[in-house]
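Asker: So you can see what is in the structure, the chains are spelled out below.
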Amino acid sequence: MTAIQILIDGFAISALYALGATGFTLIFGVSGVLNLSHGALMVTAAVVAWAASSELGLGAYAGAGVGVAVCTLLTLATYGLVVKPIDRSRAIPPEEKEIFILTGTLLWGIMIQEFIAYLFTSNAKTVRPIVEGVVVIAGVRTPWNQIFTAVICWGTIALLWVLVNRTRTGKVVLAASMNPRGVTLLGFELSRIYVAIWLIYGVLAGIAGVLLGQFLGVSPYSVGPLTASAFSIVVLGGLGSVSGSLIAAYVVGYLETLTAYLISPAYRTIPSLLLLVAVMYVRPQGLLGRR
Amino acid sequence: MRKLAPAATRRLVRALLASTVLIGSHAVTSTVQAADPIRIAVIAEAQALAGASIPQAAQIAADEINAKGGIDGRKVELVTYDNKSSAADSVRAFQRAASEDKVHAVIASYISEVVLALQPWSARLKMPFITPGAASNEIPLNVHKDYARNKYSFHGYLTSKAQSQAVCDAAKAILVEGRQMKTAVIMSEDAAWTKPLDEGYKECLPKVGLKVLDHIRFSPSTTDFNPIFSRIEGAKPDVIVTGISHVGVQPTVQWRSQQVPIPMIGIASQATNATFWKETNGATEGVLFEMFAAPGTNVTPKTAPFAEAFKAKYGNYPSYAGYTAYDEVYYITDAVRRAGSTDPDKLVEALEKTDWEGTLGRIQFYGREDDFTHSIKYGPGLVSGMMMQWQDGKQLAVWPPQVANGKITFPSFVKAGSAAN
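Protein chains in written order, with full-length UniProt numbering: chain A, 1 to 291; chain B, 1 to 421.
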């Protein structure tokens, strides 16, 4: 009984982690940027979806759409206002750009977090679920919303796979992540590719944020933990490796769920963080890392 | 060097003279001002719903008092600070309030950890200080243990112990006698205020006829409550008795989406807030929670008018700490009037003699001999509390009968015993 419950619960939460981390790792793979405002973008999606559906009364579908749209715009703004200017700046030595981008996105995330707290208070919000009710699977009462979350997450990841492997744009993006200079030599504009990749990232983070808001609820306090969880999943899976992130998301998701059920919900995140430290010692490139 | 000396001396003398005049004039103005406004600092968590109501409610009380001409001709002036839910920020605000803004009393915070951090500063700076919403037993116990030092702090809300008693009293009537319930699981967040609350629950629940099957304390940063509800269901209790304040939305929403068939009753601070329905998308339907004052209830003739005045001004009903903060401004200024002074020791003496009908009930403080020195008294005829229930977007009082404006009902997925009537 508990075993089945852990299987079901862990599957849904891991799917959500996977979707959240995919965009994060994609950005790193292509442009070498670690976006520390990741959690803030996801929280924005959820809080905006909540405000649109509950406060403005737009309903669950339109609310979710507005949440994803606002998150996508904010993600593009993150690129345009924070990442790109630092990347282009002549005042910052090239070897220090990475650390400047880390700091810049971290501060940007804090600004977004404080702004949300200012507008909507720091109390948690839950997005109105698109599907309600429960279904009994092998004796375990499972909310439809949990199944819905897993389906949407995997559907989105599958679409992303098709986009990257089967379309021209996707192939260029993939090529850019392998060898940016080679792609420019072939006549592609790297800056256009960056915008495309941030756009994809924004949509992924937005969907993950709205689903998280429906599933567990978010508050401005979730910003830090969300960034941290994406970061550790991506490091565990191997920086820049999408399939590595997917595996890592399931490792972390199930490890957390097992801990929560079998030991205590209070220690939920500790074993996965210990695993992360161990991986850094033994296999610093992560599970499927290339560098 | 020597030649310059006379000029330097002259400058020095001139500067000294000037500063003496300045100090003198400042002394004169401050004695004139001493007959002027009664200044109260309000330090609160502006970004949290429970805390945001504190300065707003205090402002309504101050405006009402000032509209009636103040206290013996003295206006009430509030100085407000946002503590961002941080103890360190609160201490800085407290110091600033005392040393720079020269306030006569401080109303601060609904968080026990913050209040416990401020208590020593209230003692050091001899600054009368009162909390509108923290619950920890330690606050009044500290006053009892070292009265001479800590007598400046007052506990303007009920202790965790009194709150657990209030929940037990209500549970006895509506669950044990009303629905033949026999067993309970305690579920509370890990925080300073819930330690004595849980102790209180464990002591009083069996006495009212509810056997405690399990006791779960979870971290306030928990987001996924499914494992907790699954463990609770495994114990098969008739009811879940809660102690939650820092969290609220998430356990409530997951209780609903998982359709946990066990009713929840207890202290749920976020549920006291009028916006909780929207934040949970109505998942709070059927949740039972303790309140000591609420909109549309006649706890005292002052309760409903204050709630409406608050809504008219801010668009929402106040949180639980709003009612207490409103009362506090009234009885602090009343104490100033009775003491005829803002001298801290005289003010403390007058506050101890408080007998004020506020929005919460009749407010008096436990004395020096009592363990809970300077905490407001709990009991019939004083502040006694109500069991509330969220029903269709509204908070209705379902117990005790003399203030009830609704009947208890549960969503269909909840198995809530058999109703006696």
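Since the hints were derived computationally from the structure, they do not count as laboratory data.
Predicted model, so just to flag it, every value in this text is computed and none were measured.
Hints should not be assumed to be uniformly reliable.
[Unchecked claim] To be clear about the criterion: a stretch of chain A counts as covered by chain B if any three or more of its residues have a C-beta under 8 Å from a C-beta of chain B, and this derived list gives those stretches:
| # | stretch |
| --- | --- |
| 1 | 115-129 |
| 2 | 134-145 |
| 3 | 159-173 |
| 4 | 251-261 |
| 5 | 265-276 |
For each residue, glycine too, the CB sits at the ideal point set by N, CA and C.
Asker: Now tell me, hint by hint, if it's right for this structure.
Answerer: Right, here's what the structure says about each hint:
Counting residues of the stretch 115-129 of chain A whose beta-carbon sits less than 8 Å from any beta-carbon of chain B gives 11, enough to reach three: the coverage restraint holds. Counting residues of the stretch 134-145 of chain A whose CB lies closer than 8 Å to any CB of chain B gives 4, which reaches the minimum of 3, so the coverage claim holds. Residues of the stretch 159-173 of chain A lying with their CB closer than 8 Å to a CB of chain B number 0, which falls below the three-residue condition for coverage. Counting residues of the stretch 251-261 of chain A whose beta carbon lies closer than 8 Å to any beta carbon of chain B gives 3, which reaches the threshold of three, so the coverage claim holds.
Evaluation of the coverage hint for the stretch 265-276 of chain A: fulfilled, as 3 residues show C-beta separations to chain B shorter than 8 Å, against a requirement of three.
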